[in-house]
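Please take these sequences and the hints and turn them into a complete structure.
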Amino acid sequence: MLIAFYRILRFAGQNFWRNIWLSLVTVTILTLSLISVSALSIISTLSNEALSRLEEKINISVYLKPTLKLAEIDSFKKQIEALPDLKSVNLINADEALKSFKERYQNNPLIAESLLAIGSNPLGSSLTIKVSSDQGYQKILDELESDKFKAYIQEARFDDYRRVISTVNDLTGKLKRIGYGVSLVFVLIALLVVFNTIRLNIYTHREEIGIMRLVGATSWFIRAPLMVESIFYAALATAICALIFYPALSALQPYVSSFFDGFDFNLINYYNERWFIFWPALFVGCSLLSILASTVAMRKYLKI
Amino acid sequence: MPLIEFRNVSKYYPGNIVAVKDITLIIEEGEFVSIVGQSGTGKTTLVRLLIAEEPLSEGRILVAGWDITNIHTNEVPILRKQIGVVFQDFKLLPTKTVFENVAFALEVSNADKNRIQSIVPQLLKIVGLQEKAERFPHELSGGEQQRVVIARALAHRPKILVADEPTGNLDSINTKEIVELLKKINEFGTTVILVTHNKDTVNELKRRVIMIDQGRVQSDHQKGRYLLK
Chain A
505 MLIAFYRILR
515 FAGQNFWRNI
525 WLSLVTVTIL
535 TLSLISVSAL
545 SIISTLSNEA
555 LSRLEEKINI
565 SVYLKPTLKL
575 AEIDSFKKQI
585 EALPDLKSVN
595 LINADEALKS
605 FKERYQNNPL
615 IAESLLAIGS
625 NPLGSSLTIK
635 VSSDQGYQKI
645 LDELESDKFK
655 AYIQEARFDD
665 YRRVISTVND
675 LTGKLKRIGY
685 GVSLVFVLIA
695 LLVVFNTIRL
705 NIYTHREEIG
715 IMRLVGATSW
725 FIRAPLMVES
735 IFYAALATAI
745 CALIFYPALS
755 ALQPYVSSFF
765 DGFDFNLINY
775 YNERWFIFWP
785 ALFVGCSLLS
795 ILASTVAMRK
805 YLKI
Chain B
-17 MPLIEFRNVS
-7 KYYPGNIVAV
3 KDITLIIEEG
13 EFVSIVGQSG
23 TGKTTLVRLL
33 IAEEPLSEGR
43 ILVAGWDITN
53 IHTNEVPILR
63 KQIGVVFQDF
73 KLLPTKTVFE
83 NVAFALEVSN
93 ADKNRIQSIV
103 PQLLKIVGLQ
113 EKAERFPHEL
123 SGGEQQRVVI
133 ARALAHRPKI
143 LVADEPTGNL
153 DSINTKEIVE
163 LLKKINEFGT
173 TVILVTHNKD
183 TVNELKRRVI
193 MIDQGRVQSD
203 HQKGRYLLK
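Keeping their order, the protein sequence lines are chains A and B.
According to my numbering, the first sequence is numbered sequentially starting from 505.
According to my numbering, the second sequence is numbered sequentially starting from -17.
Calculated directly from the structure, the hints in this document are not laboratory data.
Treat the numbers as computed from the prediction; the structure is a model and nothing was measured.
Among the hints, a few may not be true.
[Stated by the list, open to error] Computed from the model, here is a short list of chain B residues facing chain A with C-beta under 10 Å:
hint, residue
1, V58
2, L61
3, A93
4, D94
5, R134
[Claimed, not checked] With a Cα cut of at most 27 Å, we get these calculated DSS-like pairs of lysine-lysine:
hint, chain 1, residue 1, chain 2, residue 2
6, B, K73, A, K807
7, B, K73, A, K804
8, B, K78, A, K807
9, B, K73, B, K166
10, A, K807, B, K63
11, B, K63, B, K78
12, B, K3, A, K807
13, B, K63, B, K73
Even glycine gets a Cβ: it sits at the ideal position worked out from N, Cα and C.
Structure below.
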């Protein structure tokens, strides 16, 4: 069995090498297909990440009256926490709010001067409310506007990122559709090229194949090197794609960092953490594509 | 039990072309049989039917009791190991040496390296090419190339050796050498079927001669001669 395997590998290698230019064209087309699929994966990753970050940003900021005492604030918070569909309620007291305000505008001397002129902390405490579903925000806002909370609330603001989310969704949807289209074109070209390569291989080896049949080779032994050869193409294309992929990610990272301003998201790390799924999936997909084209070519042209 | 049995075998090609018609033959183990006839009379078709290269249209073919009439594709390699075949056009791989060409038959059948190293020199000795094992086909004469093909055909120690016009491309000296080699192989116990239209070769052999004409058996003589019409 091992001997047969070794000989099949050897024959496949010979096929590959003896038609080196044809093999290189096939590998190039498969590589282009893999690159387009990888690009699609990057677009998908970035859009999913952007959307989840934006979703995290949706919240209701409730600014409390500065005159409220600590006990009143606690009581209000408890009442809010009792409302349904809440994900989290985070209290920022007046001192923390001032500190954060100063940090945010540390480069703005006008604001610093104004704060000095006021003398005391003009900011009140605030609550940041996150809701577990999109629809829940309006309910909570309605609740906050009811009379029972009027005594506590100075202003309630709903930072609505839904329009941004919808824009990002639309944009990534379009990008994905273009990506799918380009990938499909490359996949179809790859199918045709692999089909043609194996067909030409069968043609150039027709004498050898005829002799193999004559001297008692099984049809499996005749087909297997062609099949293995198509897996060689896939392996090489995946390797070349990986060699292009990581430098491309490095080049892309500064733009990603500026896009996710303030968030720690690293594309290279993302794919490094998932290499054991991503690359085998690309290789298996590419091999299946290649094997499919070879099988069709063999069915059509290899008369055993 | 006969080694080869053709029972009312016919082969038609599309357009109602009759290649062979109602052939009934029995070839016993150890025989040396010449199948003769002019070009296009169906001799090669008989060989192709025997090695399951083509399906027959009617009748049955049995090899050592094995009915190969409707042989499955997977079983063809088993049959081919029992029937060594030699063709007029050699069918050698030009990029392989003499040794590698003979070894190729064993390689494709999963023979291990040790077996190949022991069998191939023996085969080359039988055909008298042990000194030219490292030569390439283009460095050999036509007769030598045909001897390599015979060595390759014997690689699986077949029961039957079918030689279809093996001397068609050879001069008279090389023809004699090949025929002598076939006789030697037959003496070792292998059944030899020689398909030819070479009258002199057949007449010198003085063995069984089956004459085919227009796809039918015209005559079958144990110590026959090839008499031209």
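Cross-check of the supplied hints:
Because the smallest distance between the Cβ of V58/B and any Cβ of chain A comes to about 8 Å, under 10 Å, the interface hint for this residue holds. For L61/B, the interface hint holds, the least distance from its beta-carbon to any beta-carbon of chain A being 8 Å, beneath 10 Å. With a cut of 10 Å, the hint placing A93/B at the interface with chain A holds, because the nearest CB-to-CB distance is about 8 Å. The criterion of a C-beta within 10 Å of any C-beta in chain A is met by D94/B, whose closest approach is roughly 6 Å, and the hint holds.
Hint status for R134/B: holds, given a least beta-carbon distance of 7 Å to chain A, under 10 Å. Straight-line distance between C-alpha atoms of K73/B and K807/A comes to about 17 Å, which keeps the hinted pair within the 27 Å bound. A hinted pair counts as satisfied when its Cα atoms are at most 27 Å apart, and K73/B with K804/A qualifies at roughly 24 Å. Only pairs whose Cα atoms come within 27 Å are accepted, and K78/B paired with K807/A is accepted, the gap being roughly 24 Å.
Distance check on the hinted pair: K73/B and K166/B sit about 22 Å apart at the alpha-carbon level, within 27 Å; holds. Taking the CA atoms of K807/A and K63/B, the gap is about 19 Å. The hint holds against a cut of 27 Å. Among the hinted pairs, K63/B with K78/B is consistent with the structure: their alpha-carbon atoms are about 21 Å apart, no more than 27 Å. For the proposed pair K3/B and K807/A, the alpha carbon gap of about 26 Å is at most 27 Å, so the pair holds.
A distance of roughly 17 Å separates the Cα atoms of K63/B and K73/B; the hinted pair therefore holds under the 27 Å criterion.
Of the hints listed earlier, there is not a single one the structure fails to meet.
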